[in-house]
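Asks: Fit chain R to the supplied structure of chain C, relying on the hints for placement.
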Amino acid sequence: MSDKPKIKVATAWLGGCSGCHMSFLDLDERLIDLAKLVEFTASPITDVKEIPHVDVGIIEGAVCNDENEHVLRTMRARCKVLIALGDCAMTGNIPALRNQQKLQEVFERAYVESESTQVGEVPDSSEVPKLLTKVRPIQEFVKVDACIPGCPPDADAIWYALTELLAGRAPQWNPTNMRYD
Amino acid sequence: MIASKEMTLTIDGKMCTGTQGQTILEVATANGVQIPTLCYMKNLTPWGGCRMCIVEIQGSPKVVPSCATPAVAGSAIVTNSARLQGLRRLTLELLFSERNHICPICPMNKGDCDLQQQSYKAGIDSIRYPYLYPVQPEDVSGRYFGLDHNRCILCTRCVRTCDEIEGVHTLDIGNRGVKNHIIVDLNVTFGESVTCTSCGACVAACPTGALFDKAAAFLGPLSKCQQTRTTCSECPVGCGLVVYTKDNRVVDVFGDTESPINRGHLCARGRYGTWAEPRKRILQPMVRRKGKLAPVSWDEAISVAKSAISEEANWETGLLVTPRMTNESVNTLRQIGDHFDRVGMFVAENEAAICTTPEFSADSLHRLQNADGIILVGVDPSRTHGVIAARIRTAVRKHGAKLVILQGHRSDLDAYADISAPVVSLERKFWKHLGEVLGNSRRLVLIHGPSAMTPVGITILDRLITALNAHGDAAKILATIQLPTSTNSLALATAGIEAVEDISAWLDVQPLNYLQIVAGDEPDGGAHLLKESHVRTMLGEIDYVVVQAAYESVLTEAAHVVFPSAIWCEKNGSITNFEGQELSLRAALPPHGESRDDNAILETLFA
Numbered sequence: 001m002s003d004k005p006k007i008k009v010a011t012a013w014l015g016g017c018s019g020c021h022m023s024f025l026d027l028d029e030r031l032i033d034l035a036k037l038v039e040f041t042a043s044p045i046t047d048v049k050e051i052p053h054v055d056v057g058i059i060e061g062a063v064c065n066d067e068n069e070h071v072l073r074t075m076r077a078r079c080k081v082l083i084a085l086g087d088c089a090m091t092g093n094i095p096a097l098r099n100q101q102k103l104q105e106v107f108e109r110a111y112v113e114s115e116s117t118q119v120g121e122v123p124d125s126s127e128v129p130k131l132l133t134k135v136r137p138i139q140e141f142v143k144v145d146a147c148i149p150g151c152p153p154d155a156d157a158i159w160y161a162l163t164e165l166l167a168g169r170a171p172q173w174n175p176t177n178m179r180y181d
Numbered sequence: 182m183i184a185s186k187e188m189t190l191t192i193d194g195k196m197c198t199g200t201q202g203q204t205i206l207e208v209a210t211a212n213g214v215q216i217p218t219l220c221y222m223k224n225l226t227p228w229g230g231c232r233m234c235i236v237e238i239q240g241s242p243k244v245v246p247s248c249a250t251p252a253v254a255g256s257a258i259v260t261n262s263a264r265l266q267g268l269r270r271l272t273l274e275l276l277f278s279e280r281n282h283i284c285p286i287c288p289m290n291k292g293d294c295d296l297q298q299q300s301y302k303a304g305i306d307s308i309r310y311p312y313l314y315p316v317q318p319e320d321v322s323g324r325y326f327g328l329d330h331n332r333c334i335l336c337t338r339c340v341r342t343c344d345e346i347e348g349v350h351t352l353d354i355g356n357r358g359v360k361n362h363i364i365v366d367l368n369v370t371f372g373e374s375v376t377c378t379s380c381g382a383c384v385a386a387c388p389t390g391a392l393f394d395k396a397a398a399f400l401g402p403l404s405k406c407q408q409t410r411t412t413c414s415e416c417p418v419g420c421g422l423v424v425y426t427k428d429n430r431v432v433d434v435f436g437d438t439e440s441p442i443n444r445g446h447l448c449a450r451g452r453y454g455t456w457a458e459p460r461k462r463i464l465q466p467m468v469r470r471k472g473k474l475a476p477v478s479w480d481e482a483i484s485v486a487k488s489a490i491s492e493e494a495n496w497e498t499g500l501l502v503t504p505r506m507t508n509e510s511v512n513t514l515r516q517i518g519d520h521f522d523r524v525g526m527f528v529a530e531n532e533a534a535i536c537t538t539p540e541f542s543a544d545s546l547h548r549l550q551n552a553d554g555i556i557l558v559g560v561d562p563s564r565t566h567g568v569i570a571a572r573i574r575t576a577v578r579k580h581g582a583k584l585v586i587l588q589g590h591r592s593d594l595d596a597y598a599d600i601s602a603p604v605v606s607l608e609r610k611f612w613k614h615l616g617e618v619l620g621n622s623r624r625l626v627l628i629h630g631p632s633a634m635t636p637v638g639i640t641i642l643d644r645l646i647t648a649l650n651a652h653g654d655a656a657k658i659l660a661t662i663q664l665p666t667s668t669n670s671l672a673l674a675t676a677g678i679e680a681v682e683d684i685s686a687w688l689d690v691q692p693l694n695y696l697q698i699v700a701g702d703e704p705d706g707g708a709h710l711l712k713e714s715h716v717r718t719m720l721g722e723i724d725y726v727v728v729q730a731a732y733e734s735v736l737t738e739a740a741h742v743v744f745p746s747a748i749w750c751e752k753n754g755s756i757t758n759f760e761g762q763e764l765s766l767r768a769a770l771p772p773h774g775e776s777r778d779d780n781a782i783l784e785t786l787f788a
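Residue numbers (this note's numbering), protein chains in the order written: chain C, 1 to 181; chain R, 182 to 788.
Just chain C, with the same shape it has in the complex (with noise of 0.2 Å):
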């Protein structure tokens, strides 16, 4: 075991499906490699909610709402690097399908018209995170240092840009190692 100190790592869910997370556990073996060189603090997988001040942070999800700017500002001004996992971070994908319609709409879909809905209101508390009016990728709001694309992305393109990052080299995406699907 060497001495030198581990890097402290942070994840991040905005709003995506966490497919990005499912698609980082499928690291499977080499999960136990990656825990000898980094340290795991705040992550939906080990369930630390405050972000303590780390060395790489990691966000999956588009930025739906206030909360998740909120989270996103905290993990950029907490971390040294910070890498865009996943195709909604950087592109907004799927969540921002609702940007072709109207907040109000969006709403009524969602919490009056839906299916399984018998009688809905939209709700109104300062408990519930505010939607934005469109959906955004993080890097309208903060400086990315890196992406990995993917939706979600390979666990080999996540253990391939990780173990870059890790030896000082920044990713080199071309069509052998990247998709956006």
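Hints are supplied without guarantee of correctness; some may be wrong.
[Said to hold, decoys possible] Result set (EDC-like, lysine to aspartate or glutamate): computed pairs, CA atoms no more than 16 Å apart in a straight line:
#1 K223(R) <-> D295(R)
#2 K461(R) <-> D705(R)
#3 K302(R) <-> E274(R)
#4 K291(R) <-> D154(C)
#5 K291(R) <-> D181(C)
#6 K6(C) <-> E39(C)
Rather than coming from a laboratory, the hints here were simulated on the basis of the structure.
It should be emphasised that the depicted structure is a prediction, and the values quoted were computed from it without experimental measurement.
Replies: Below, chain R without anything else, positioned relative to chain C:
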């Protein structure tokens, strides 16, 4: 012809040769230098709109689109500098930011989208520009394909294909600036369009998922499908097809760009009619029991049919086959002919006449291409031979060819005609006018269909020749093209198989006891044979009716035994097109269910 002048230039330091008039892109491609493109498509007028194919010319500060810039002798071209790579990446990023390109939900993802492939090559992992997220409509009202404006990059490949290949110019661009979008006719939907022929050439040309085949959507990437080159057997033109198959089913069908006949183009019947229409396939042999058709094994169905024909030695027997039979079936039909008192092939209306003296019209498509005058007598290619109709429209619109249509009903081609006479006038004035219209044509092509061989048709042909001759030194008929309606009728007729046009007359000669009908993969299951109700009555009077067909229809309902036929994409063999070219059919799939090739069924029963 001006002699083409050879020239040399260097591209990326490589000495390249070309001829004057070629674009930089054409010279580069011919010399094995790859330049990325998006809006460029071979055989279409260059558009120069996407800016992917930009190159640097040494000594010039500008970058130029290589698809639209003529190559100059002695110039030095650079195709892949850091500056060009940066500009291409910028272009791609702007395309992504401009519309809603959501790859995971696109039917063309995983390898079929040029935009995606180009972006992978450019290593784009994120977009530096704010996304516009514009509200864009989708149009899925078309019969066979949909248009999703979210995925459109305005490369105009569809617009140019529709204009220059199919010749109908249904598609164009509406509005200005950022509001530019592809429009159908005068901004209606595909479903409402009066000019769209549903040929699907626009879909084949689309580099993204903006235009997509509905029946193929989400069946998996075409790039992962097996491809089989075969020949369309829907009409006698004989277009080359590329059939995409996966998991034992047809995923999509495109025109074969390497076929000299259609050069990648198809009509709606060939592109979609054979696979994208819902039809009930017969998958098992059936025998009528207690008034109902019941599925049985092949062995049982064969023994039932065999015993029916062998039990009664004095039975009058007949065999009626589809004109879609392959050339290889001629041998079978000859061999088994002794088993039948009568063998015939059912053909389209008026087609028996051209089958009595079958003639192939060699080199027709090439001549049609260069025609400056086209006369149609008794044929409407827009209904029956879509690819020929496309050639006629482009000859009229691109080369200014004169078009005269003389036939019994209105046609979609009327809009392109100088003269269209649904009812032919016998007035001298009419024929004089016709002589004047065509008088200056030097490469006249006369296309006549089966109904030109009727007394009315022959009168028209006579008058036409007189009118043209009356115009002095006038028009020369370069080619006379005889265009049959049925796929392989000319070849089968040449082999001596009798063409039967009037089924009731054929049945009436002497009452039949046993009739075997080979309908094969006729799209309606052979139902058109029974379009006159008295034929159905006549069929009911026959002791035993055996039908070979791929699809359920009123014909199979009238049968005592039904054998399931293999269809076009399950067949090997050859057919002869109207030009006399022998074209190969290659099976893309094994016969579905328990169906078998029609030839094999006949051989099992009678050989």
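Asks: Please name the hints from earlier in the document that this structure breaks, with their numbers sorted from lowest to highest.
Replies: none
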